[in-house]
Structure formats: C-alpha cells, structure tokens
Amino acid sequence: MNEQAHIHPLADVQSTQLGAGTRVWQFTVVLAGARIGRDCNLNAQVFVENDVVVGDRVTVKCGVQLWDGITVEDDVFIGPNVTFTNDRYPRSKQYPEAFQRTLIKAGASIGANATVLGGLTIGAGAMIGAGSVVTKHVPDGELWVGNPAVSRGPVPRP
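All residue numbers in the sequence shown are consecutive under my numbering, ending with 218.
No lab work stands behind these hints: they were computed from the structure. For clarity, every value in this text was computed on a predicted model and none was experimentally measured. A virtual CB, placed ideally from N, CA and C, is assigned to each residue, including glycine. Hints are not guaranteed to be accurate.
With a Cα cut of at most 27 Å, we get these calculated DSS-like pairs of lysine-lysine [unchecked claim]:
hint, residue 1, residue 2
1, 196, 165
2, 196, 121
3, 165, 121
Label-pair ranges, simulated between beta-carbon atoms [as the list claims (entries may be wrong)]:
hint, residue 1, residue 2, range
4, 210, 140, 19 to 29 Å
5, 64, 212, 16 to 26 Å
6, 216, 149, 33 to 43 Å
7, 149, 218, 40 to 50 Å
8, 69, 157, 37 to 47 Å
9, 214, 154, 35 to 45 Å
10, 211, 86, 32 to 42 Å
11, 156, 217, 35 to 45 Å
12, 154, 208, 20 to 30 Å
Take these sequences, add in the hints, and give me the full structure.
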C-alpha cells in the first residue's frame, strides 16, 4: 500500500495500487484489482470492483459503486449516489461473457443521483445534470440533463 495514501481505519482497501495523496473514507471497499490514481477522494460508502481504473484528482462522493469495466480519467467529479451499470441484460447468477466498458473522460462531472448505462462514454469536460439518466454517448464539453438525458448545449462557464 502506498504510504502516502490516507486510508480510514474502517475502510476495506485490498488494492495495493493507490496513488500518493489519495484519501479513502470509512465503509469504503476497494477490491484488489482496482487501480486508483493520485490525490483522489473516495468518500464514505463507495465500492470499487476489480476491473476499475480511476485517474488522478478524481472525487467520488458517498454511495457510488464503480463496477467492473469502468474507467474514470483524471479530474472527474462523480456526485453522491450516481449509479453505473455494466450488464445490459442482468439476471441472477447469469453473467455475461464480458461486462460492458464505460469511459468517463477527463474533467467530466456527473451530478447526484444520475444513472449512467453501461457501454457509454461521457466526453471530456462534459456535465451530467443531477437525476439524469444517460442512455447515449455524451460528446466532449456538453451539458446533458433529463430522463432520458439530452444535450442542452455546451457546458456553461462560471
């Protein structure tokens, strides 16, 4: 385990691939195969499966599960209770040959309680509004909102 990462004593971090400056809070589970970058913040009650890659300076808020097949690039924000999927036709005890691959590109932000279906790409710098259901690929730099989520044009600049 990287000595410079901060792991809360009530977290279960099985991975040895945590970058310097990363913070993992209580009741969070990071499985052995996961790779977490530098200066990340995994808030309480986050679950990270084995086939997950998280870049540098990523924030994952409470109540998020990152399932096998998800790649999160640098500087991404994932709001509280965002839901990801990775199996188009889930059935109990019946697993696909391969889980869907989802890519969240650098600088994207996903608002609270959004749902992102498996196999999609959220573009660099894109923003997903809170509560949105993303069913299509989101281009770079666009704001998407609603159910199903649709483009509302470029992300507004503060």
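Quick rundown of the hints versus the structure:
Annotation: proposed proximity of residue 196 to residue 165 holds, straight-line Cα distance about 15 Å (limit 27 Å). Between residue 196 and residue 121 the CA atoms are separated by roughly 23 Å; this keeps the pair inside 27 Å, and the hint holds. Between the alpha carbons of residue 165 and residue 121 the distance comes to roughly 17 Å, so the proposed pair stays at or under 27 Å and holds. Take residue 210 and residue 140: their Cβ atoms lie about 23 Å apart, and the range 19 to 29 Å holds.
The hinted window of 16 to 26 Å between residue 64 and residue 212 is violated, with their beta carbons roughly 40 Å apart. Between residue 216 and residue 149 the beta carbons are some 37 Å apart, a value that agrees with the proposed interval 33 to 43 Å. For residue 149 and residue 218, the hinted distance range of 40 to 50 Å is satisfied, since their beta carbons lie about 41 Å from each other. Taking 37 to 47 Å as the suggested C-beta distance range, the pair residue 69 and residue 157 conforms, at roughly 39 Å.
At about 42 Å, the beta-carbon gap between residue 214 and residue 154 stays in the expected band of 35 to 45 Å. Separation of residue 211 from residue 86 is about 38 Å and conforms to the stated range, judged on CB atoms against 32 to 42 Å. The hint said 35 to 45 Å for the Cβ distance between residue 156 and residue 217, and at roughly 40 Å that hint holds. Roughly 26 Å separates the CB atoms of residue 154 and residue 208, a value that falls within the hinted 20 to 30 Å.
The earlier numbered hint that this structure contradicts is number 5, and it is the only one.
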